[in-house]
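Put the two chains together into one complex; each comes in its own frame, and the hints tell you how they fit.
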Amino acid sequence: MAISVDPPEVSRALSQKAGYTFSILSDPNAEVIRRYDLLHVGGGPDGHDVARPAEFLVDSSRMVRWVNFTEDVRVRARADEMLATARGLR
Amino acid sequence: MPEMIEKRRNGALWLGFLLALGAWLCNVVFFVNLPGHRAIPWLSVLLAVAALVFLAIGLQRVFGQPRVYRGKILSSILSLVSLLLAGVAIFAFVHARALPPSAGAPQVGQKAPTFTLADTTGQAVSLDQLFAPAAGDSQGIPPRAVLLIFYRGSW
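Respectively, the protein sequence lines represent chains A and B.
Every position in the first sequence, counted from 1, becomes a number in our numbering once 80 is added.
Every position in the second sequence, counted from 1, becomes a number in our numbering once 2 is added.
FYI, nobody ran anything at the bench for these hints, they're computed from the structure.
Any given hint might turn out to be false.
[Stated by the list, open to error] Derived contacts from chain B toward chain A, CB cut-off under 8 Å, selection only:
#  : residue
1  : 102
2  : 105
3  : 106
4  : 119
5  : 123
6  : 124
7  : 146
8  : 149
9  : 151
10 : 155
11 : 157
Virtual Cβ for every residue (Gly too), placed ideally from N, Cα, C.
Excised from the complex, chain B in its bound form (with noise of 0.2 Å):
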């Protein structure tokens, strides 16, 4: 029987692929420290879960349709690697949030904890040292304010 339809392209496919891929490069964003930063994880579930819609909408026509679209083993391996640049966006989402929830942290308004603790040379270092004058200030003006910065460290 001569083939009476043309084959199609399977434009869903790529676009989940490129969703994807764009859930998965939001993790990358986060190294170069742009303004809007805080939107971005939202940005890439977002993205991770149109691919999988787009996905699953290509995958249905390639093989739901397959006198109509073409490409069975290529949309396969792009499917998979498409399931895996999203599933690793997600799964980024949901790692990155499982924080404690700090509940007895100091806030606003509240004394903060002193402590005394080794800096990068081993020398003891307490909250009120931090508010002395910095050595090499000649003017002897002690400092306004300290920031605390507590990071996960193993950078």
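Just chain A, with the same shape it has in the complex (with noise of 0.2 Å):
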């Protein structure tokens, strides 16, 4: 599940262009950005605010398991990295 400020069309774009199959949540006005302290006010290419990287592997209790800042935007959990903490939950 990701999530961005971008508008829902602009998410429905990019699903379709790289053919995602997850789905996109948005949150336009970062409410849930906030809620995650993960604001990064005038982060986003022409200064609005956007949300910082951030990755969080959540359990059906609602328990977050594993979590990860990045420290350079360049740098993101990567995919396998990402599926093998998930497969490893118990």
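Now the structure itself:
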């Protein structure tokens, strides 16, 4: 599940272009992004507020089991790493 | 007066250029998603700083010992291009790391805050709903975990 400040139309276009099978949620007013303390004020390409990159693995009791906060926006958690972590959950 | 010394090639300047090019190219490598990609930002600044050192040596040679090293114009152009490439690499490094601390973000062992957001079709989806069995799953097995990926957007 991916979350950004992009409106649904933009996320839909990205999803179709990239062929993603997971859904993308839109948080245009950054309410949930603020709730998770991930707001990067003025971090967008044209100076608008965006989410700083972060990944959370949440289990069915809503407990956070794994997190990743990058120090460098160019370095993101790799899909294979995240899948391996998810498979390792019990 | 006849020229006594044979003019030498300025290897330091070219090495500086290649290092600066390497530093800049590091920023392209992120899109390839290599296993060791966490080290690439550091490799990038390292190359950029090394490039600046060799450029300084090269320029010092050309302008300090013009009788030994030739090509003031070519050296200046090469230095300018290299400086630009190294500068972009250093700027990208600083800019990419200017992130908020996110000290209040949920940590391992804490509950993930609930939310309801619109999906790509405009349909409201809550975190709890994400733990419901997938619509296409005939066995009705709920997911054991959900991966939440917050990203900057504008892709």
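These are the hints, each one checked on the structure:
The beta carbon of residue 102 of chain B is positioned within 8 Å of a beta carbon in chain A (closest approach about 5 Å), and the interface hint is therefore held. Checking residue 105 of chain B against chain A by beta carbon gives a least distance of about 7 Å; that is within 8 Å, so the hint holds. Hint on residue 106 of chain B holds. Least Cβ distance to chain A is approximately 4 Å, under the 8 Å limit. Using the Cβ-Cβ criterion of 8 Å, the hint placing residue 119 of chain B at the interface with chain A is satisfied: the shortest such distance is roughly 4 Å.
Here the hint on residue 123 of chain B is kept, as its CB sits about 7 Å from the closest CB of chain A, short of 8 Å. Given the 8 Å rule on beta carbons, the hint for residue 124 of chain B holds: about 5 Å separates it from the nearest Cβ of chain A. Of the supplied interface hints, the one on residue 146 of chain B holds, with its beta-carbon coming within about 6 Å of a beta-carbon of chain A, less than 8 Å. Because the beta carbon of residue 149 of chain B sits about 5 Å from the nearest beta carbon in chain A, less than 8 Å, this interface hint is met.
Interface hint status for residue 151 of chain B: upheld, as the beta-carbon distance to the closest one in chain A is roughly 5 Å, under 8 Å. At about 3 Å, the closest approach between the beta carbon of residue 155 of chain B and any beta carbon in chain A falls short of 8 Å, and the interface hint on this residue holds. Hint status for residue 157 of chain B: holds, given a least beta-carbon distance of 5 Å to chain A, under 8 Å.
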